[in-house]
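Sequences are here, hints too, so could you generate the full structure?
Top line first, the protein sequences correspond to chains V and X. Under my numbering, the residues of the first sequence are numbered 90 to 264, in order. Under my numbering, the residues of the second sequence are numbered 90 to 264, in order.
Hints in this document: simulated from the structure, not taken from any laboratory. There's no promise every hint is true.
Claimed, not checked - Under the rule of at most 20 Å between Cα atoms (straight-line distance), these lysine to any residue pairs were calculated in the SDA-like manner:
| # | chain 1 | residue 1 | chain 2 | residue 2 |
| --- | --- | --- | --- | --- |
| 1 | V | 178 | V | 215 |
| 2 | X | 246 | V | 250 |
| 3 | V | 257 | X | 96 |
Unchecked claim - Partial chain X-side listing against chain V, Cβ under 7 Å, derived:
| # | residue |
| --- | --- |
| 4 | 110 |
| 5 | 138 |
| 6 | 151 |
| 7 | 175 |
| 8 | 242 |
| 9 | 244 |
| 10 | 256 |
Stated by the list, open to error - Just some of the chain V residues that point at chain X, by a computed CB distance under 10 Å:
| # | residue |
| --- | --- |
| 11 | 115 |
| 12 | 117 |
| 13 | 133 |
| 14 | 178 |
| 15 | 181 |
| 16 | 232 |
| 17 | 247 |
| 18 | 248 |
| 19 | 253 |
| 20 | 259 |
What you are looking at is a predicted structure, and each value in this text was computed from that prediction instead of being measured. Virtual Cβ for every residue (Gly too), placed ideally from N, Cα, C.
Residues per chain, in single letters:
2 protein chains.
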Amino acid sequence: MSKTQGLIAVFTGNGKGKTTSALGLAFRALGHGQKVCVIQFIKGSWKYGEINAAERFSDLLDFHVMGRGFTWKSDDLDKDREAARKAWKFAADVIREDNYSLVILDELTYLPHYKMIEETEILSVLKNKPGHQHVVITGRYASDRLIELADLVTEMKEIKHPFQRGIKAQKGFEF
Amino acid sequence: MSKTQGLIAVFTGNGKGKTTSALGLAFRALGHGQKVCVIQFIKGSWKYGEINAAERFSDLLDFHVMGRGFTWKSDDLDKDREAARKAWKFAADVIREDNYSLVILDELTYLPHYKMIEETEILSVLKNKPGHQHVVITGRYASDRLIELADLVTEMKEIKHPFQRGIKAQKGFEF
Chain V
90 MSKTQGLIAV FTGNGKGKTT SALGLAFRAL GHGQKVCVIQ FIKGSWKYGE
140 INAAERFSDL LDFHVMGRGF TWKSDDLDKD REAARKAWKF AADVIREDNY
190 SLVILDELTY LPHYKMIEET EILSVLKNKP GHQHVVITGR YASDRLIELA
240 DLVTEMKEIK HPFQRGIKAQ KGFEF
Chain X
90 MSKTQGLIAV FTGNGKGKTT SALGLAFRAL GHGQKVCVIQ FIKGSWKYGE
140 INAAERFSDL LDFHVMGRGF TWKSDDLDKD REAARKAWKF AADVIREDNY
190 SLVILDELTY LPHYKMIEET EILSVLKNKP GHQHVVITGR YASDRLIELA
240 DLVTEMKEIK HPFQRGIKAQ KGFEF
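Here it is, written out as structure tokens:
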């Protein structure tokens, strides 16, 4: 039998469902007893709900929150860049050390998009990842080069958002 | 404090991530200790991975597989229609009986699309759902009327699929 072939998957676009899909993939892998590592590059993109739920899988799931938020509104770009570099270095080590079947790099795309790190570095680590390891990358603005490298790419396109109707974020649904 | 306002969310389009997003939302809600009901209208769209994982939430999550597959290739359309009607009746009862915070109607869209049931019936049940209950509907071919009724709609657009590269489905990732 052939060994598992690890995929690089990208969930991008402006619609809801990118992080949530990654979460669903984590849930699926955990169900197979596979080890999963989630690295969250934007503080707060994973919410109370899933963090609580993740505790039922603490034997299989490791969860890391990195960075300071990495927004273009930062009042201290140097600090942001340093945090971004550290976060990416951590992620690159996790990929190389090969202790997980699935590594989720949640909202990673913002780092190269806002020039926090060089995309070439990311692509190089991904190209050399362990063969059977799945890597999922979420976030808007996935670049053409990342899409070219990935095996599976879905664009989540916003057709309608509840905030357009003046509906507030709902517990258990949005957070 | 205002009561939770239940949303109707639709994940449609031809890309990967529709059912997986619903799964992620289930995971989030379960993390809040909320009760979740998943009704799967196409046999096999939820896979071993998530069904195993769901067992860790058996106190909160109910999972129902309905129907015979409902494909346009059916050799017995009358039987399919009957199964579809039964499945929809079951779902409509679940929504009305109001025992869950989140009801996931996975791949429901195929039923009206293939004329297995009248969409008007579905829309009427959704319009009259309990106010705080979230309902998530997944599947291709979401109709304009369903999109009009929903609060949140994301189109999952396939940019790239691993089968295009001759990569087979991978355990823990695709099933």
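Results of checking the hints against the structure:
A distance of roughly 13 Å separates the Cα atoms of residue 178 of chain V and residue 215 of chain V; the hinted pair therefore holds under the 20 Å criterion. Of the supplied pair hints, the one linking residue 246 of chain X and residue 250 of chain V holds, its CA atoms being roughly 17 Å apart against a limit of 20 Å. Proximity of residue 257 of chain V to residue 96 of chain X is assessed by CA-CA distance (about 10 Å); at most 20 Å being required, the pair is judged to hold. The criterion of a C-beta within 7 Å of any C-beta in chain V is met by residue 110 of chain X, whose closest approach is roughly 4 Å, and the hint holds.
Residue-level restraint check for residue 138 of chain X holds (minimum Cβ-Cβ distance to chain V is 3 Å; threshold 7 Å). Using the Cβ-Cβ criterion of 7 Å, the hint placing residue 151 of chain X at the interface with chain V is not satisfied: the shortest such distance is roughly 16 Å. Because the beta carbon of residue 175 of chain X sits about 27 Å from the nearest beta carbon in chain V, more than 7 Å, this interface hint is broken. With a cut of 7 Å, the hint placing residue 242 of chain X at the interface with chain V holds, because the nearest CB-to-CB distance is about 4 Å.
Look at residue 244 of chain X: its Cβ gets to within about 4 Å of chain V, closer than 7 Å, so that hint holds up. Taking 7 Å as the C-beta contact cut-off toward chain V, the hint placing residue 256 of chain X at the interface holds, the least distance being around 6 Å. Residue-level restraint check for residue 115 of chain V holds (minimum Cβ-Cβ distance to chain X is 8 Å; threshold 10 Å). For residue 117 of chain V, the shortest C-beta to C-beta distance to chain X is roughly 3 Å, which falls under 10 Å, so the interface hint holds.
Hint status for residue 133 of chain V: violated, given a least beta-carbon distance of 14 Å to chain X, over 10 Å. Here the hint on residue 178 of chain V is broken, as its CB sits about 26 Å from the closest CB of chain X, past 10 Å. Interface hint status for residue 181 of chain V: violated, as the beta-carbon distance to the closest one in chain X is roughly 21 Å, over 10 Å. At a threshold of 10 Å, the smallest CB-CB gap from residue 232 of chain V to chain X is about 12 Å, leaving the interface hint violated.
Taken as an interface hint, residue 247 of chain V checks out: its beta carbon lies about 6 Å from the nearest beta carbon of chain X, inside 10 Å. Among the interface hints, the one on residue 248 of chain V holds; its C-beta lies about 4 Å from the nearest C-beta in chain X, closer than the 10 Å criterion. With a least beta-carbon distance of about 9 Å to chain X, the hint placing residue 253 of chain V at the interface is held under the 10 Å criterion. With 10 Å as the threshold, the beta carbon of residue 259 of chain V comes within range of chain X, its nearest partner Cβ sitting at about 6 Å, so the hint holds.
Violated hints for the displayed structure, listed by number in ascending order: 6, 7, 13, 14, 15 and 16.
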